[in-house]
Amino acid sequence: MSQPVAPVRHILIEGNKSYHNITEDLCTPTEKAPSREWIIAFSIASALLGLYIFAIIWTVWKGIGSWNLNRTINWGWDITNFVWWIGIGHAGTLISAILLLFRQRWRTGVNRAAEAMTIFAVICAGQFPIFHMGRVWLAFFIFPFPNTRGPLWVNFNSPLLWDVFAISTYFSVSLLFWYTGLVPDLATVRDRASGLRRKMYEIFSFGWTGSAKHWQRHEALSLVLAGISTPLVLSVHTIVSFDFATSVVPGWHTTIFPPYFVAGAIFSGFAMVQTLMVITRKVLKLEQYITINHIESMNKVIVLTGTIVGVAYLTELFISWYSGYIYEQFAFYNRVFGIYWWSYFGMMFCNVVSPQLFWSRKIRRSIWWTFFLSIIVNIGMWFERFVIIATTLARDFLPSSWSYYSPTWVEISIFAGTIGLFFVLYMIFTRVAPVVAIAEIKAILKVAGDQYIGPNASQGHAHKQDEATKKEA
Amino acid sequence: MNLTNTQFVFEGKTKRVLIGGMVLGVLCLVLTALNDDEYHTRFWTNFLHNSVYFTAIAFMAMFFLAAQITAFAGWMTAIKRIWESMGQFMLVGLVLIGIVAIGVWGHLHHLYHWNDPNLNISDPSAPHYDRIIAGKSGFLNPVFFTIASIGFLAIWYFWSYKMRQTSIAQDTMETASRDYYKTERKWAASFLPIGGFLSAVFFWQVLMSVDPHWYSTMFAWYATASAWLGSLALTVMIIIYLKSRGYLDFVTHDHLHDVGKYVFGISVFWTYLWFDQFMLIWYANNGEETIYFKERMNHYPVLFWGNLLMNFVAPFLILMRNDTKRKFGTMFFVALIVFFGHWWDYFYMIKPGARIAAHEAKELAEGGHHNTGLSAPASDALAVKTVLSNVKGEQHESGEQQPAAAESHGEANQPVPNDENMHDAEASEDGAHGASADDHGAAAPADEHGTEEADHGGHGEDAHGAAAHAAEPSGFRLGFTVPGLEELGVMIGFLSLFLFFFFTQLERASLIPLKDPYLEESLHHETGANIEGEGGGHDHH
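Sequences listed follow chains A and B, in order. Sequential numbering of the first sequence, starting at 1, is according to our numbering. Sequential numbering of the second sequence, starting at 474, is according to our numbering.
Hints listed in this document are in silico derivations from the structure and should not be mistaken for laboratory results. Backbone N, C-alpha and C define an ideal beta-carbon position, used for all residues, glycine too. Some clues are possibly wrong.
Listed next, the stretches of chain A that the computed footprint assigns to chain B, with coverage defined by at least 3 CB atoms under 8 Å from CB atoms of chain B [claimed, not checked]:
1. 248-261
2. 323-334
3. 400-410
In silico contact screen, one side only, chain A against chain B (beta carbon under 8 Å); selected entries [what the hints assert, rightly or not]:
4. Q3
5. P4
6. V5
7. P184
8. L234
9. T307
10. V311
11. T315
12. I319
13. D450
Sequences and hints are given; from them, build the entire structure.
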């Protein structure tokens, strides 16, 4: 606390909060009856979830034939959506692990919600490969354990199996990390509750008392989990990219895929965090905790990762020409000018061009622009996966097999349904747990809040300048 | 906190030592040139290798600094001037790479096979038409080379000069103002896309085109990560040196610790990129891509494995602990390994390809590939090459080439291969070893490669490459298979040049930006690591 903080730094907690105010502000949403907006939004999400359940039952009952996949295009919306959701999950891990290493204090405003989002996104992602298996009751065949199925055994050479391990590890570690952070906050909620509610929170907070020993263990565990999470940020999407890049399919087999998928995942993840945060901070009245400065920082991450993805797109395009390999050249010609040209242009426009607007400070700090562009990026990243998967498969080596793919109502419903699933989970989360990490916010209050008490505190400059901009916004 | 000794003085003694280093470098360059093949391949590859490596180090110092400034990093203010001064070396790099570019225009060297005057890329009906290079000639030509090398470097240098000027101007401002700070942020942020996009093209043009038939989308990022580590390692060594001379009292164990974390983290990142590139190419087993690693693994095993040992194993194991990143001695040692290791990595990227280019140049000069004295199977392999390069990417009947393969395999006492790539790969490896061992069999490896490509049903260019570098470029040769003493001398020469220029730059301004808004943060920087027996983790004097 005694360390000085540069006067040019942004203020991260506004409104002259006391520790008690923080507890009040962040616990209240879990204690009040839900607002009308919440009920309306939850009803819509539940309806979509209902649609999801219906479409899944339909798929299992009728079989995968109810999707529009064919022998040429054997991966379509299912894998597109899978990769899209997995990518969205990455922001949570990046914020909780990598930004922790980089000592980015603004992460405390959004880490809880982003980590929750990670878990829900991975749940949504997992639906697609599971139901794409067709006979979903045999899904456990993907686990290598001693069995009586004779020669049926997983293929350890296949990146699809690596995915099973990568994603289940990712899910477990993210869940543990998120829950570890939640324990002290759940205890805070418990202490304010009574009756059955208190009992429930007592169980879920594992009898946390806040003793020095508890904190010591909590911090040791958090550090270990952060250490494990850091390589996971890279490994999960790297292995997802291997699903494509280990093949010899032109347009898929390219060595830049792993880092470029990771950058794209962080890009789409931050876009989804923005979408959620812009709404959450408004509905739960958390503008003083998730400030415009948080939003600006995330927009900077978006423009950075969007541009990295742009370098990768252009690299691929250039090297396909440079390779002198006609199939590679054709694959990219087909992406840009082929039957699915609109998806390529959608991808380029949404992912590379539109984020460049964030070079403008005014747009970066505008709520409406942020929300609008975050949706654009979400769409663009969906297009990216569609371009990679459907466009490439539609024009394979054998022209007689060339085909066109468009989804059936079942596939569309499943995708829309996972969005419902995601929002149902997220909205329940906002009702049962503090959306912003109470303990972590309190830890930075005197360092990065408007009550900074370190050396040079009297100058108070940054904060005045910021007040001015805030009024502007 | 001692902020008095902030003016670096470039002493006469240091100057003399560095001039001595440069003289040694020139001597070694002359020595390699005198003892060289007719194209002075060893001389030119050494020149290219060191020019690119040190220029890239300067570029990455600037790029990393720009990223830090953009990200509101406060901790690094105490060492900011070091990166600023390192970045200025791009001016010298401009001259060095400019010499390579002049060499391209004047055909003074054969570093780049695509620039060979005897190469046929215009007449598809002629026998030695190189379809692949012809297809790339829109990019691989002297004009584009000039743009992508010195053109881009000039742009980067301009940005680096502007950032440095703004930073220095800040020192002299009289009233507290944020103007310079804001201006510097603008230069830094705009440098990121400029450096990010252009560096990829720079590395394709200057490094990847040494192997003109080969390509990898990862290559540019891989080369960038490598230079980044060279830059970080040099930073560590410079910090420790300056501290030993009584400067930089304000740079503490905590700053060193954080630079050490970067060395550790980026080493893992480099390994990640290395692994992705290698594994994806290995897994897909596509002839025109695997040839790059096959060549290096078979004929340059010391380079190949040494690369991983120095750039992954050493920093990973040594820097994993907290305390090693805070010890000056250990950090200097690791930085030395990593700095040398990435110099080695650039050596590994350049030498094998340039050696093949020189060999091909010789063959072309002697009237194509019809070398006399090769056994029949060899010319069969060449026939394969011709066929392949005239048929654009279509699947081949590999059967028709099988007899040639059988013969050559027989010669190398290998079983007749079938269509499985695995077998071929093994056979080829053994064949190559045989050839280098008894020094007779130019033919054997040529055939092996030739047929292997045919098996892949590939696209000619690798068959071409493979057949061409059959004889000479596979055996042991000092300065190519491993760096020789002259290479070390040349490196010392270039390093001395780098440091000489660096110190003159460093001398021009205070060692610490005293009016930087992050100054206080940096002076009180703590990593939070509690290491016993370190006097509280701070190096207060």
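How the hints compare with the structure:
Counting residues of the segment 248-261 of chain A whose C-beta sits closer than 8 Å to any C-beta of chain B gives 8, which meets the bar of three, so the coverage hint holds. Only when three residues or more bring their CB closer than 8 Å to a CB of chain B does the claim for the segment 323-334 of chain A stand; here the count is 5, and the claim holds. Only residues whose beta carbon comes within less than 8 Å of a beta carbon in chain B count, and the segment 400-410 of chain A has 0; fewer than three means the coverage is violated. A least Cβ separation of about 5 Å between Q3(A) and chain B falls short of the 8 Å threshold, and the interface hint therefore holds.
The restraint placing P4(A) at the interface with chain B holds, with a minimum CB-CB distance near 4 Å, inside the 8 Å limit. The interface hint given for V5(A) is met, as the beta carbon of that residue sits about 7 Å from the closest beta carbon of chain B, less than 8 Å. Among the interface hints, the one on P184(A) is violated; its C-beta lies about 20 Å from the nearest C-beta in chain B, farther than the 8 Å criterion. Given the 8 Å rule on beta carbons, the hint for L234(A) holds: about 6 Å separates it from the nearest Cβ of chain B.
Proximity of T307(A) to chain B holds as hinted, the smallest CB-CB distance being about 6 Å (cut-off 8 Å). Using the Cβ-Cβ criterion of 8 Å, the hint placing V311(A) at the interface with chain B is satisfied: the shortest such distance is roughly 6 Å. With 8 Å as the threshold, the beta carbon of T315(A) comes within range of chain B, its nearest partner Cβ sitting at about 5 Å, so the hint holds. Against a cut-off of 8 Å between C-beta atoms, the interface hint on I319(A) holds, since the closest Cβ of chain B lies about 5 Å away.
The interface hint given for D450(A) is broken, as the beta carbon of that residue sits about 18 Å from the closest beta carbon of chain B, more than 8 Å.
Figure legend: structure checked against the earlier numbered hints; hints not met, in rising order: 3, 7, 13.
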